[in-house]
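Novice: Can you build the whole structure from these sequences, using the hints too?
Top line first, the protein sequences correspond to chains E and X.
Counting with this note's numbering, you get residues 1 to 306 for the letters of the first sequence.
Counting with this note's numbering, you get residues 1 to 353 for the letters of the second sequence.
Take the hints with a grain of salt, since some may be wrong.
With a Cα cut of at most 16 Å, we get these calculated EDC-like pairs of lysine to aspartate or glutamate [claimed, not checked]:
#: 1; chain 1: E; residue 1: Lys122; chain 2: X; residue 2: Glu224
#: 2; chain 1: X; residue 1: Lys304; chain 2: X; residue 2: Glu278
#: 3; chain 1: X; residue 1: Lys225; chain 2: E; residue 2: Asp142
#: 4; chain 1: X; residue 1: Lys304; chain 2: X; residue 2: Asp289
#: 5; chain 1: X; residue 1: Lys107; chain 2: X; residue 2: Glu278
#: 6; chain 1: X; residue 1: Lys100; chain 2: X; residue 2: Asp71
#: 7; chain 1: X; residue 1: Lys225; chain 2: E; residue 2: Asp121
#: 8; chain 1: X; residue 1: Lys117; chain 2: X; residue 2: Glu269
Calculated directly from the structure, the hints in this document are not laboratory data.
None of the values given here were measured: they were computed from a predicted structure.
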Amino acid sequence: MTAELIVPLLAAAIQSGTPILYATLGEILTEKSGVLNLGVEGIMIVGALAAFVVAKLSGNPALAFALAGTAGMILAAGHGVVCLWFLGNQVVSGLALTIFGLGLADYLGTPLIGQTAPGFDKLPLPGLAQLPVLGPVFFQQDLLVYLAVLVAPLLWLFLNKTRWGLNLRAVGEYPDAAAAAGVSVLRYRWAGVLGGGFLVGLGGAYLSLAYTHLWTSGLTAGRGWIAVALVIFAFWRPGRALFGAYLFGGVMAFQLRLQATGTHLPSSLLLMLPYALTVIVLVLASWKGRQANAPAALGINYEPQD
Amino acid sequence: MKSKVMVMIFVLMLALGTTPAGAKDLQVGFVYVSPVGDAGWSYAHDQGRLFIDKMEGVTTAYVESVPEGPDSERVMLNMARKNYDLIFATSFGYMDPMLKVAKKFPKVTFMHCSGFKTSENMGNYFGRMYQARYLSGIVAGAMTKANTLGYVAAFPIPEVIRGINAFTLGAQSVNPDVQVRVVWTKTWYDPATEKEAAKSLLDVGADVIAQHQDSPGPQEAAQEKGVYSIGYNTDMSAFAPKAHLCAPIWNWGPFYAQMVEAVRAGKWESKAYWYGLENGIVDLSPMSDKVPADIQSKVMAEKKAIKAGAQKVFTGPIKDQAGQVKIAAGQSGSDEELLGMNWFVQGVIGTTQ
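Specialist: Spelled out as structure tokens, the structure:
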């Protein structure tokens with residue numbers, strides 16, 4: 001691989017990592033509040049569909065992006081109702097949400113297949129875009145890429161430097177203690193679920209507004225599940241999520257480019273790379289017992305005690 | 001779910017007696033693997049259905065998004081029970097289910113697309129798409145400045161490999177130095193991955209992108225980069241007006257009409273129908289004005305020669321990537337060789353694995 005290939009590869013890594021980044025950050029927010037939501041894939045694809053439909057009808061990609069987040073939030077609210085109100089099993093509810101979301105998007109989206117909608121185009125940042133190497137990699141992307149990069153530190157600031165963030169983490173770690181300190185566990189968990197759903201929906205929107213301007217059933221193609229795995233890889237830290245998402249994006253983009261350069265490796269082997277990496281990462285993450293960084297009350301429903 | 005709803009609608013329509021009294025219409029059913037709105041494979045078949053729907057005394061119906069396997073068997077069984085006369089199933093995985101249903105309903109005529117099994121009342125059919133791909137290769141070979149063509153391809157199966165080889169031979173016929181780089185996506189319809197695959201080809205210097213994919217993702221990538229593209233299935237110029245040069249396309253209408261006539265006249269025979277340009281089942285979409293007139297006329301001349309049978313796409317000497325002669329000088333590949341093709345011609349960069 002020569003230098004002329006590496007720069008576009010890195011640029012592609014950032015682009016193909018961006019939808020996963022939004023989804024991973026969303027899931028971190030949700031899990032930090034102690035709620036496990038395995039519905040990421042379903043929420044993501046509903047977000048992608050909502051974005052596509054709104055962009056097509058209104059011609060306004062920004063509105064489409066915002067409403068995709070809202071659609072993700074509405075779907076995530078279903079998970080909240082089941083797990084926070086009725087104390088249902090979080091794993092089952094999340095899986096159901098994924099199946100429901102994929103089915104819903106498939107049903108509603110079928111008439112739209114083969115159409116195009118307006119979206120976000122490349123927006124080179126003046127000055128910065130002309131930098132050698134860094135320019136094409138980081139500063140000749142679309143608006144949503146820049147936004148995703150901003151969301152990561154903002155989420156970190158929120159979780160670690162604000163009282164609300166502290167409370168949200170507290171209900172994810174020791175809900176009883178948090179409740180004793182006068183923090184409403186339910187309220188913060190709802191915030192985690194809805195806020196997370198919003199970000200995951202944005203990740204879906206990236207696929208149908210910027211990555212392509214097309215809709216198809218199954219557009220997310222498993223990216224939601226990669227985001228779930230990345231949360232563990234990132235040890236629930238937004239900064240590491242940034243790194244992890246781009247790494248995965250890079251591996252996805254890399255295997256296609258390796259084929260284009262005329263490698264003799266079988267393509268089936270190369271296509272396995274992102275998923276093989278997922279497995280390796282999960283093994284490594286669990287190996288050193290670093291799982292300990294998971295919120296202590298993750299996946300456990302909270303029943304208020306009198 | 002959707003397919004069940006469609007089936008129910010058919011049942012209702014039949015119950016209400018939409019067929020006029022008197023001479024019974026020939027009822028023709030279609031089973032599609034994907035939604036018809038996809039501007040791709042199923043869309044092309046549905047255009048064929050609409051073509052015969054206009055014929056006198058023919059009614060048609062279709063069920064879309066039918067998964068291959070047991071579900072498809074149920075759909076076909078249903079059609080046969082409802083006294084359909086002719087049933088077309090348009091995906092490879094429908095082959096065995098159709099064979100089973102065909103045995104149970106000997107009076108119904110079954111036609112399976114892209115497979116290899118036949119029975120007394122079941123034939124199979126396909127088009128020699130590689131002929132149209134050869135023509136599109138001529139256009140690509142003439143338009144490239146970098147002498148590098150990119151080909152986004154779905155799965156390494158003979159149908160796709162044959163198309164890549166034909167495309168390459170076409171390009172080489174006008175530009176001996178041209179190379180074709182192949183990237184496999186292992187999907188028929190995933191716009192995001194297909195677009196990324198096209199971008200990876202653009203990054204290694206390809207300046208014309210061709211595709212054996214059902215989504216217009218690769219077209220988008222070519223348009224954004226400001227280079228040329230070759231579509232597939234249907235004219236894809238709407239997705240990339242600046243990039244699109246031409247597209248090898250399916251045109252099932254005349255063939256379906258021919259089958260309808262044969263069934264009606266009692267002259268239908270069970271065999272493998274493998275037609276090409278001469279039958280109009282495959283074609284090249286109108287070429288963009290960006291293609292110079294002399295190239296256009298060369299393509300039209302080649303098309304005429306292939307149509308007349310004077311010229312065969314796979315005429316030797318043809319060497320594989322390792323330089324070994326696969327089709328000797330003066331010979332042309334037999335249908336068996338073409339149907340089992342699992343090697344790339346010289347000039348293709350990529351692997352068939």
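Novice: Looking back at the numbered hints, which does the structure fail to meet, lowest number first?
Specialist: Failing hints, ascending: 4, 5.
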